[in-house]
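Participant: Take these sequences, add in the hints, and give me the full structure.
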Amino acid sequence: MGAAVEYPAPAKVVEVSDLVAHFGSRLILKGVSLDVREGEIMVIMGGSGSGKSTLLRHILGLERRTSGTIRLLGEDTSTLNARQMSDLRKKIGVAFQGGALFSSMSVGDNIMLPLHEHTDLDPTTMEIMARLKLEVVDLAGFENLMPAELSGGMTKRAAFARAIIMDPRILFCDEPSAGLDPVVASALDDLILRLRGALGMTIVVVTHEVESACKIADRMTLLDNGEVLFTGTVDEVRAHPSERIQNLLNRRAETDTIDPDEYLRRLTGEDVDGGRV
Amino acid sequence: MKHEVTERAGTTVVAFAGDVDLQNSPQARKVLLEAVAGEHPVLVDLSGVDYIDSSGVASLVEALQTARKRDLGFALVAVSESALRVFQLAHLDKVFTIHGTLDDAFADNR
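Those sequence lines, one after another, are chains V and P.
Heads up: the first sequence is residues 2 to 278, going by the working numbering.
Heads up: the second sequence is residues 42 to 151, going by the working numbering.
You may find that some hints are simply not true.
With a Cα cut of at most 25 Å, we get these calculated SDA-like pairs of lysine to any residue [said to hold, decoys possible]:
hint, chain 1, residue 1, chain 2, residue 2
1, P, Lys135, V, Lys92
2, V, Lys31, V, Val15
3, V, Lys91, P, Met42
4, P, Lys71, V, Val15
5, V, Lys31, V, Gly201
6, P, Lys110, P, Ser123
7, P, Lys110, V, Asp123
8, V, Lys92, P, Gln64
9, V, Lys92, P, Ala58
According to the in silico footprint, chain P covers these stretches of chain V (three or more CB under 8 Å from chain P) [unchecked claim]:
hint, region
10, 133 to 141
11, 159 to 173
12, 177 to 189
Treat the hints as calculated values from the structure; they're not laboratory data.
Here the structure is a predicted model, which means the values were calculated and not measured.
The beta carbon of each residue, even a glycine, is placed where N, CA and C say it ideally should be.
Facilitator: What follows is the structure, given as structure tokens:
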């Protein structure tokens, strides 16, 4: 019998190691580590205040960390100058939670913004690219509308179109289902799966929606109170014996984990040394 | 990206090789628009293309539309599986005529 063939593991396109982050004197991320492999859909899931949005902002280089390292597509983001960071950002797309479309520009112009910023393509090419992406997100023919004329689900789709306009290697989505009715949210999940299937894109989704996370994730990282509880496949997460993880999946609050001293300091605005924040 | 333009049996064959991406799609666009400005139908041979991004696909769309306006034939040859998935995602497989090989393309048009 021949030896088993060993396939190389997919490259890690996001590597977060021991990330510590504060907001003022408040410790938000307590040594978070996670990897995202090329071509997978990684869902970072946690409740309100878990630190998941802060983690995303750090990965995107929008916040200054206290300590730890973040590597994107193999590059340590703390060592990059502004131009190198700009080059790296061309390979990354972000669909922000509220869409982040400019209200004074048409949908088409919003979608073409990254092209105007990063390329010298002919305007005809840009317009066709924008229409192609609108077709992909099922918003064909909407390029001349203004963002105010879009519904919540359409705004999210337009944000997706802008996020993928440069064919990014990694797509980050911040709470794609938030504020949407279940049918529209489910359609967005389908869109995420379609994008990965057709484009082979690595997709990182930050969400608090358990159902959505379980539908789209190849792997999930569960974040709670600034710490990674567990990273694994949906089946591994569901089967995990930890009560804390099951509570998170079933959205049961853990009131007994509140540190009364820290809670009191937070309410009274005092930091750990007894001074005012 | 490299390209080569040849004539075969009254057809202009534009062959690309390598990656067609943001860096070089303007060059691909120029080559394609020159080809469809001629008098012959155009076949675009993508058998040597490893990767084509949206800007390259957009250039193909523009060339196709220009060819149609001029009543010229325009078809793609040997679209890779990964590129075909991108075409299907944007429903472009319903817009372009796609042949498996150059010989197939000429046989179909005979």
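Participant: Please list, smallest to largest, the hint numbers that this structure does not respect.
Facilitator: Failing hints, ascending: 1, 4, 5, 6 and 12.
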